[in-house]
Amino acid sequence: MQPKDYDDFVMILGATAELLAPTRPLSNIAIGMWWNVMKPYDLPAVRQAFDRHMHNPDSGQFMPKPADILKMMTGSTQDSALAAWSKVDKAVRQVGTWESVAFDDALIHRVLEDMGGWTMLGMKTDHDWPFVAKEFENRYRGYRIRNETPEYPPVLIGLAQAQNAQENRESQAPVLIGDATTAARVMQGGTAQPRLGFERASAGDVALLAAPEQRAA
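Residue numbers (the UniProt record's numbering): 1 to 217.
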C-alpha cells in the first residue's frame with residue numbers, strides 16, 4: 001500500500017474492530033503496528049483478506065490479529081512451501097536438470113541456490129528425495145516466516161548451459177516453469193552477482209597483518 005491508502009486502510013480496520021471488538025477501541029499505536037505489517041500488500045488484497053476473515057465460520061466472530069490477515073492473503077507458510085516444492089518436483093521429473101529453468105516464484109530460486117543449485121537435484125536418489133523435500137520446505141518456510149525478499153539468481157543453470165559455458169558455446173533459453181509471464185519477471189528481477197564474495201589478500205594486506213608481530217618481536 002501507498003501512503004495515500006492509509007486512511008482507507010484505517011477505515012477497514014476500524015470497521016472490523018467496531019463489529020468484532022466494540023469494547024476494545026484501537027489505540028494509535030496498535031493502528032500504526034497494523035499499518036507497518038500490512039503496508040507491503042496492495043489495498044484490494046488487504047480488503048479482501050479482511051472480508052474472508054469475516055466470512056470464516058470458525059474464527060470470523062473474533063477480531064483478527066495481523067497474522068490472521070496475512071494467512072488469509074498468502075496461506076500458511078506450510079501450504080506455500082508444499083506448493084512450491086510441488087512445482088520443483090514436477091519440473092525435475094518433466095523437464096530435468098539438464099535444462100536451465102526459471103520458476104514463477106523467486107523464492108524457489110533462492111532456496112535451491114542455498115541448497116546447492118538446480119543441478120544438485122539431479123544427483124539425488126529416490127532414497128534422498130524425501131529428505132531433499134523436507135530441507136526445501138524448511139528453508140522456504142523460514143524465508144516466508146521472516147517475510148524476507150532475498151536476492152536470487154535470475155535463472156537456475158542446468159547441466160547443458162554449464163557445459164556450454166565451459167566450451168564457449170551458446171545455450172538455449174531457459175524453460176519457464178509455472179506462469180510464463182511471472183517467470184519472465186522473476187528472471188528480470190534476479191541478480192547474477194555472487195552473494196558471498198571471495199578475494200585473495202594482497203601483499204600489502206599480508207604486510208599489515210604481519211606488522212604487529214614484527215613490532216612485538
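If you are wondering where the hints come from, they were derived from the structure by calculation, not from laboratory data.
All values derive from a computational prediction rather than experimental measurement.
Honestly, I wouldn't trust all of these hints.
Cut-off 25 Å, straight-line C-alpha distance, at most; resulting in silico cross-link-like pairs (BS3-like, lysine-lysine) [to be verified]:
hint, residue 1, residue 2
1, Lys134, Lys87
2, Lys39, Lys87
3, Lys90, Lys134
4, Lys87, Lys71
5, Lys124, Lys134
6, Lys65, Lys87
For each hint, the structure was consulted:
{"no.": "1", "hint": "Lys134 - Lys87", "result": "holds (14 Å)"}
{"no.": "2", "hint": "Lys39 - Lys87", "result": "violated (29 Å)"}
{"no.": "3", "hint": "Lys90 - Lys134", "result": "holds (16 Å)"}
{"no.": "4", "hint": "Lys87 - Lys71", "result": "holds (21 Å)"}
{"no.": "5", "hint": "Lys124 - Lys134", "result": "holds (13 Å)"}
{"no.": "6", "hint": "Lys65 - Lys87", "result": "violated (31 Å)"}
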